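A.B. asks: Residue strings, one per chain:
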Amino acid sequence: MSFVLACPHCGPRPVDEFAYSGEVTRRPQSSPTLRELTDYVYFRDNVAGRQREWWQHRQGCGEWFLAERDTRTNEIISVSLPKPGT
Amino acid sequence: MRLPAQPGELIDRAEPLGFRLGEYRLEGFRGDTIGSALFANGRRVFSRSFKYHRPRGLLCCSGHCPNCMMTVDGVPNVRVCVEPLREGAVVTPQNVLGRLDMDFLSVVDKFGGPFTPVGFYYRTMIRPRFMWPVYEKFLRGVAGLGRLDEHAGHSRRYDVEHRRARVLVIGGGQAGRAAALAAATAGPGVVLVDESVRLADVELPGVEVLAPARALGIWEGKLVPVDSGTVLYRYRAERIIVATGTVEQPLVFPGNDLAGVMLPEAARRLIRDFSLRPGQRAIVLAADERAPEIAETLREAGVAVPRVVDLREGARQLEAHGRRGHVRRVVVDGEETKCDLVVVSGGRQPAYSLLSQAGGRVEYDESLKVFVPRDLPAGIEAVGSVTGEGIVRAEGAAAYEGSGKCFVCICEDVTTKDVKRSIEEGFDSIELSKRYTTVTMGPCQGKLCQLPSIHLYAHELHTYEATIGTTTARPPWAPVELGLLAGRHLEPTRRTSLHFRHEELGARMMWAGPWKRPYAYGEHPEDEVRTVHESLGVIDVSTLGKLLVEGPEAAQLLERLYPNRFADLKAGRIRYGVLTSDGGRIMDDGTVARLADDLYYVTTTSTGADAVTAWFEWWNAVWGYDAEIVNVTGALAALNLAGPRSRDALQRLTEDELSADEFRYLDAKHIEVAGVPCLALRIGFVGELGYELHFPSSAAEYLWDRLLADGARPFGLEPQRILRLEKGHVIVGQDTDSESNLLSAGMPWLPKMDKDDFVGKFALEHFAERDERELLVGFTMEDDVVPAEGAQIVVEGQPAGRVTSARRSEQVGAVIGLGWLPRDRADAGTRFEVRVDRRLVGARVHHGAFFDSAGERMRS
Chain E
1 MSFVLACPHC
11 GPRPVDEFAY
21 SGEVTRRPQS
31 SPTLRELTDY
41 VYFRDNVAGR
51 QREWWQHRQG
61 CGEWFLAERD
71 TRTNEIISVS
81 LPKPGT
Chain Z
87 MRLPAQPGEL
97 IDRAEPLGFR
107 LGEYRLEGFR
117 GDTIGSALFA
127 NGRRVFSRSF
137 KYHRPRGLLC
147 CSGHCPNCMM
157 TVDGVPNVRV
167 CVEPLREGAV
177 VTPQNVLGRL
187 DMDFLSVVDK
197 FGGPFTPVGF
207 YYRTMIRPRF
217 MWPVYEKFLR
227 GVAGLGRLDE
237 HAGHSRRYDV
247 EHRRARVLVI
257 GGGQAGRAAA
267 LAAATAGPGV
277 VLVDESVRLA
287 DVELPGVEVL
297 APARALGIWE
307 GKLVPVDSGT
317 VLYRYRAERI
327 IVATGTVEQP
337 LVFPGNDLAG
347 VMLPEAARRL
357 IRDFSLRPGQ
367 RAIVLAADER
377 APEIAETLRE
387 AGVAVPRVVD
397 LREGARQLEA
407 HGRRGHVRRV
417 VVDGEETKCD
427 LVVVSGGRQP
437 AYSLLSQAGG
447 RVEYDESLKV
457 FVPRDLPAGI
467 EAVGSVTGEG
477 IVRAEGAAAY
487 EGSGKCFVCI
497 CEDVTTKDVK
507 RSIEEGFDSI
517 ELSKRYTTVT
527 MGPCQGKLCQ
537 LPSIHLYAHE
547 LHTYEATIGT
557 TTARPPWAPV
567 ELGLLAGRHL
577 EPTRRTSLHF
587 RHEELGARMM
597 WAGPWKRPYA
607 YGEHPEDEVR
617 TVHESLGVID
627 VSTLGKLLVE
637 GPEAAQLLER
647 LYPNRFADLK
657 AGRIRYGVLT
667 SDGGRIMDDG
677 TVARLADDLY
687 YVTTTSTGAD
697 AVTAWFEWWN
707 AVWGYDAEIV
717 NVTGALAALN
727 LAGPRSRDAL
737 QRLTEDELSA
747 DEFRYLDAKH
757 IEVAGVPCLA
767 LRIGFVGELG
777 YELHFPSSAA
787 EYLWDRLLAD
797 GARPFGLEPQ
807 RILRLEKGHV
817 IVGQDTDSES
827 NLLSAGMPWL
837 PKMDKDDFVG
847 KFALEHFAER
857 DERELLVGFT
867 MEDDVVPAEG
877 AQIVVEGQPA
887 GRVTSARRSE
897 QVGAVIGLGW
907 LPRDRADAGT
917 RFEVRVDRRL
927 VGARVHHGAF
937 FDSAGERMRS
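Protein chains in written order, with this note's numbering: chain E, 1 to 86; chain Z, 87 to 946.
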């Protein structure tokens, strides 16, 4: 894995500067069933294709942001700052 | 014997260099390679082949083939044909039992045939099974190439350097140089990489030339690691221009591996670069148009060329014979020629590997009879002969008839017979056959054997090369030392601002995560424990993670991050907090002090600071509270002053009021100690009256010295661990693991389940509905033995749990510990056993602190 990722603040940087934090999940709103909770905590879609995921520019500005990436080619389709509460 | 000075020769005849080959002392010139110097000294056999131990000599002289691999100064598998000669170099032959010209293992060549057919390593020496140890010992002795010097790794220093280029040109031939110059007219940032030492002094205006150096591959994001010897440059390029040219191909005929059989470039380099005559009497065999040109070059160097064969005219039978591994005569269609040099040209194959790695397609060109790159991805270009440009179609036989071993792959000693047999056995796909015969899997990685083997497969299977296809071209393109890939051995160490004070005091330092911390200052950690219980101790806790959380919504953020409440914490007060994941597992713990309505000071474990910061920032990115998180771990030092005398001692250094009523247990106050502004936290991790002072690191040594001058005695990490264990305080990560939750780890009182939301709440709701399988509890040993951390807990003869911490406590008068027990065995007083050094020792469950269970001392 050596692709280039664009931090919304700092611009294109080698992926080594970033920390990957997995695909975007939906946190249950209130008192989920055990199955819903387990789905949220442990299960991932693991798509072969476009995926929305969390990244942090850990060796850089420290910003957390969202990226849409094609998991087959590592093509970054877009990056954006999160819109809180969504 | 050298030729008269050649125009452009690389050697400096004024500067002789001495080196050794085994027991022989030899001499070459500066500018020689080790290979050329050996050749100049009359050496013709450079190595023994992998399987048959046949003598091998210079074939490509370009660093491609395996024939000149030797051990140089302890480094195995050095291709001496391109390795610059150094004064005092020690060269030893490898893969030899005996001497290069008398290898005992060459019996395999003479008699081993029936026993070592293709794929024998998959089928033989398996039965009888009890013989395996004997086979293994033998095989380990003969397999592989070269021997690694186990001590050599430390003698070299390798570094990695990250670089950027606008245009990276790989290959410094005509096309590459022209492309680099053209790119340089558009601006700076043009780099040209070439493996030849010849390019080192070439001046190209506006171009940075890196030579000798090898581009090892092209990775995604246009990352190109370049091997320059001891520095690995990681180039990121906007544009990559590949001008790697072609690789000359050998011919496949019996005896084609004899010393004295050379590719045209080898002969040319010996003559032009090193002023050496490659032989006295040569025959030229070419399947392409180059026969006359090669003959001309040889004649100019004084080599007699009695015969030049253009194989396009349709020769069928071709064989070479030698004596003691050297070629002596060649027979072409029945006509014999005596010679000591055979220059063979089987055409030129574009060196497309890098382009293929970059995502280009590789296609067989029927008109050129070679594989060429096509459909290159954006930003990757190819120029020159690597594209197939200027290549003349070679017309030779896939393999010539004749008697003797006929090699398709000289690296792995794969013969045409082996390939034919593998096809008979059903390995008719190139990828399968490659793995079975190991053709293309040797040191040349297919540079010299891929094309000939595909021609042979196509011929034998009566099909087209395009149908056979190629095997995958994986990086690295050229062999690379593992040390270069590993980089320099670095062990980053974090030291507190008091590190040198600890060393001066003679502390035994130990690793604690990335930190170096004092284990203890004297021989007996229990002395330091006693000091804390009886008078006054001080410990450097600067390693604690320290975060400021500030903003109008800081309270809401923490309220939602922690299972317990922080919104109702009053300014100036402290509360213990444990962080859990949404899976309900314990992640980290520490104290949270509210300094103002909108400002909290959070401490974490020593190893958790970075992870907790990232965790807080991530959740805040999700929730979007108006709060900022600042990691101040490195900016602040921290000391824990603990013991019954700590109040009096601290009071002498401050004018702020420290009385029990003014500065209560779990109060946080800004005070000035010996002139240093401190945030003082009254907490009791070690169970005695104590103050944790947080203050700017720059004042650390000063304040430490003042406290010591005032009678405080330093204590280390080990005494602190004994002290906290006496209180039954848990260390996250030591007593808990990734499965532990607040209910099982003895903190069911901590989570406030009536809160609207907190990270881990959903999981804890489910945990509350079931019974935990095991619980973390304290215990007291019946005998005076200390079980190891991780020791097995045994109930009724069955393994039932494990010890996580255990120490001998003078204060308690027993060995105490923490461990995980089955729920139904975790009641206070329940007896169980612990395995200590193969015997079972009784122990009893103990709940709560082992000492001062009401906590009166720390609250006093």
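What the hints contain is simulated information worked out from the structure, not anything from laboratory work. Please read these numbers as outputs of a predicted model, since none were measured by experiment. Just to be clear, a hint being listed does not mean it is correct.
[Unchecked claim] To spell it out: a stretch of chain E is covered by chain Z in this simulated footprint if at least three of its residues, at any positions, have a beta carbon under 8 Å from a beta carbon of chain Z; those stretches are:
1. 3-15
2. 52-60
[Unchecked claim] DSS-like, lysine-lysine: derived pairs with alpha carbons at most 27 Å apart:
3. Z:K491 <-> Z:K506
4. Z:K841 <-> E:K83
5. Z:K491 <-> Z:K424
6. Z:K841 <-> Z:K656
7. E:K83 <-> Z:K847
Using N, Cα and C, we set each Cβ at its ideal position, and we do this for glycine too.
A.B. asks: Are the hints correct? Go through all of them and say.
C.D. replies: The hints, checked one at a time:
no.: 1; hint: 3-15; in the structure: holds (count 4)
no.: 2; hint: 52-60; in the structure: holds (count 3)
no.: 3; hint: Z:K491 <-> Z:K506; in the structure: holds (13 Å)
no.: 4; hint: Z:K841 <-> E:K83; in the structure: holds (25 Å)
no.: 5; hint: Z:K491 <-> Z:K424; in the structure: holds (20 Å)
no.: 6; hint: Z:K841 <-> Z:K656; in the structure: holds (18 Å)
no.: 7; hint: E:K83 <-> Z:K847; in the structure: holds (24 Å)
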